[in-house]
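Asks: So the chains spell out like this:
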Amino acid sequence: MKKWLEPFTTAWIGVVTHKLRSFLTILGIVIGVAAVIALMSVGRGAEAEIISRIEGMGSDLVTINPGARTFGGVRSAASNTLTMEDAEAILEQVSNVSAIAPTYSSNIQVVVGSENMNSSVTGVTPEYWQVQNLETTSGAFFSEQDYQRGSKLAVLGSNVKETLFGETDPIGQRIRMGTVVVTVIGVIEEKGGMPGVGSPDNSIFIPLTAMQQTVAQPRTTQGELVVSAIALTVTDEEKAEQAVEEITSLLRDRHRLGPGVDDDFNIMSMEELSSTLSETMDTLTLLLGAIAAISLLVGGIGVMNIMLVSVLERTREIGIRKALGAKDHDIWLQFLIEAAFLAFTGGIIGVIAGWAVSQIVNRVGVMSTVVTADIVILAVSVSVAIGLFFGFYPAWNASRLNPIEALRSE
Amino acid sequence: MIKLHDITKVYPMGKRELTVLRGVTLNIEKGELVAIMGPSGSGKSTMLNLIGCLDTPTSGRYYLEDREASRLSSGELATIRSLKIGFVFQTFNLLPRLSAVANVELGMRYAGGSDRNRAMAALERVGLTDRANHRPTELSGGEQQRVAIARALVKNPPLILADEPTGNLDSHSGEEIINILTSLHAEQGITLLMITHDANIAHHCQRIIHFKDGQVEGEEKP
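Sequences listed follow chains R and U, in order. Under this note's numbering, the residue at position 35 of the first sequence is numbered 35, and the numbers go up by one with no gaps. Under this note's numbering, the residue at position 16 of the second sequence is numbered 16, and the numbers go up by one with no gaps.
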């Protein structure tokens, strides 16, 4: 037999001679590793879902919202600081802006048949669909010409469609908003929302030109037409950060904000949001993993427990081996390999079990889960490290036994 | 081959000390067949453990093949045990989970590596080829001791130490064991030290050393 193989076969014999005991020890590690894999896969799944949602919104998207304005140290609530002219200036002067969509929204009492409800109505330009990366599930968006003419047309967010029309087809239906009556021509697919970004699902979209006939769109003291938000896309998501900087300095300039005065607007790029959220989710994933790692630790203590018993029980065997010429490190290695073997086997089975659990969670549809290679490598190497760590002391104990006393033990 | 010079061994027993060997001086030549006799507690097993490099003396010098073993580290003593010394115990000390041949292989394990063919040859030498794959629990006492002898001789050691090898056997099996041991000595020139209580067995040897109270009381040649 190959000499280097012998410690492994010896360890193997140690494992198989106590099948139940070995099984239970391995089970402790299996549960620990499976918990780590399953919980971390939940974290990774949530992260993947958020990223895909952001990508669905378009990672080249940058949104500008009005912020609080400061008058001589007094901060007012968010107010009418953004204008159509700001949007035009951004499109002309900021590099790498591919499209821009100023919007004006307001809560309006809307009436459909006998239904009367308060809804968010957003006036948009035709660029809005492209900028926000929207698709219709039925009907169509209004066109440039519709916009120019100020046509009384409406596109519904999915939640609004559900509330106002239920299962009936809304296309061609009329919605009355005060004195104006709009005709529904399309429904937007469900987008879901992101914190701080809002969702198109809860709004009725009409041409901004039509909006101006419905509600009085206020003007600033300079006579510029106020908008509620400006959305824009950059040609390349890599350029988002640069665009944000350029927009900031342009808007500060236009709004005549002196040095030391806070911005009266907030800019958020999806690129930035995506990396922030991604980091947050990584932290969450690690936290979940750390909680699960506690059970792995308990499993490791189980390994140590069993190895201590095993050493005690095999004291005579250790004495015999020493009498036959085994050095301290031969004995040490034998028990260490045995512990590492238990932990490694537990690690492998744990990966399979954890993967299975995460698949079941995924299939049942409770949460989306993703098992990534780094989780698997982490879990297995941690389990082996635990085996080595918790096997070290019992193995060292074994190797230090006095051969004569060991031979005398029963 | 073996030179003991004024060896003492003291074991701490709580606060008191237990002196087991009080100045043992002894020479054993290569190829000798020696019986050691003496009452229980006379220190003969302790001396055998010292000669077998399982233990070190409290004072005095022990030379094995001209090396001063009393000064070696535990690792060096382990190497000497693995290469030079075969043990045969009263209680056989086989590993219960291993087959006879695997137990014999274990004798080579720490002396350069196992070799199934040599293990089988050693079993043949003690006449147990047909029991090679039986576990110790399936063997009689005499057979177990033969496996233990095969394990001791499989690495061809120059020295075999036997501590009451027939103590747990009936007289017939004991006689078989003694025949095997004496023939090993006769055919291979192995130096053999054997503790025994049985005067008949001792008379198979060339030299009998009597122990009493941790000292050599006397010698005789049968």
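Hints are computed from structural coordinates only; laboratory data are not their basis. Hints may contain errors.
Chain R is faced by these chain U residues, among others (derived, beta-carbon under 8 Å) [unchecked claim]:
{"#": "1", "residue": "D55"}
{"#": "2", "residue": "S59"}
{"#": "3", "residue": "Y63"}
{"#": "4", "residue": "S74"}
{"#": "5", "residue": "R81"}
{"#": "6", "residue": "N93"}
To give an idea of the interface, some chain U residues facing chain R are shown, with a C-beta separation under 10 Å as derived from the structure [as the list claims (entries may be wrong)]:
{"#": "7", "residue": "I28"}
{"#": "8", "residue": "K30"}
{"#": "9", "residue": "F87"}
{"#": "10", "residue": "F89"}
By construction, the Cβ of each residue, glycine as well, lies at the ideal position given by its N, Cα and C atoms.
Asks: Taking the hints in turn, state whether each one holds.
Replies: These are the hints, each one checked on the structure:
Residue-level restraint check for U:D55 holds (minimum Cβ-Cβ distance to chain R is 6 Å; threshold 8 Å). The criterion of a C-beta within 8 Å of any C-beta in chain R is not met by U:S59, whose closest approach is roughly 18 Å, and the hint is violated. For the restraint placing U:Y63 at the interface with chain R, the shortest Cβ-Cβ distance is roughly 20 Å, beyond the 8 Å limit, so the hint is violated. At a threshold of 8 Å, the smallest CB-CB gap from U:S74 to chain R is about 7 Å, leaving the interface hint in force.
The interface hint given for U:R81 holds, since its Cβ lies 4 Å from the closest Cβ of chain R, which is under the 8 Å cut-off. Given the 8 Å rule on beta carbons, the hint for U:N93 holds: about 5 Å separates it from the nearest Cβ of chain R. About 20 Å separates the beta-carbon of U:I28 from the nearest beta-carbon of chain R, more than 10 Å, and the hint is not met. Checking U:K30 against chain R by beta carbon gives a least distance of about 20 Å; that is not within 10 Å, so the hint is violated.
Satisfaction of the interface hint for U:F87 is found here, the shortest Cβ-Cβ separation to chain R being roughly 5 Å, below the 10 Å cut-off. Interface hint status for U:F89: upheld, as the beta-carbon distance to the closest one in chain R is roughly 7 Å, under 10 Å.
The earlier numbered hints that this structure contradicts are 2, 3, 7 and 8.
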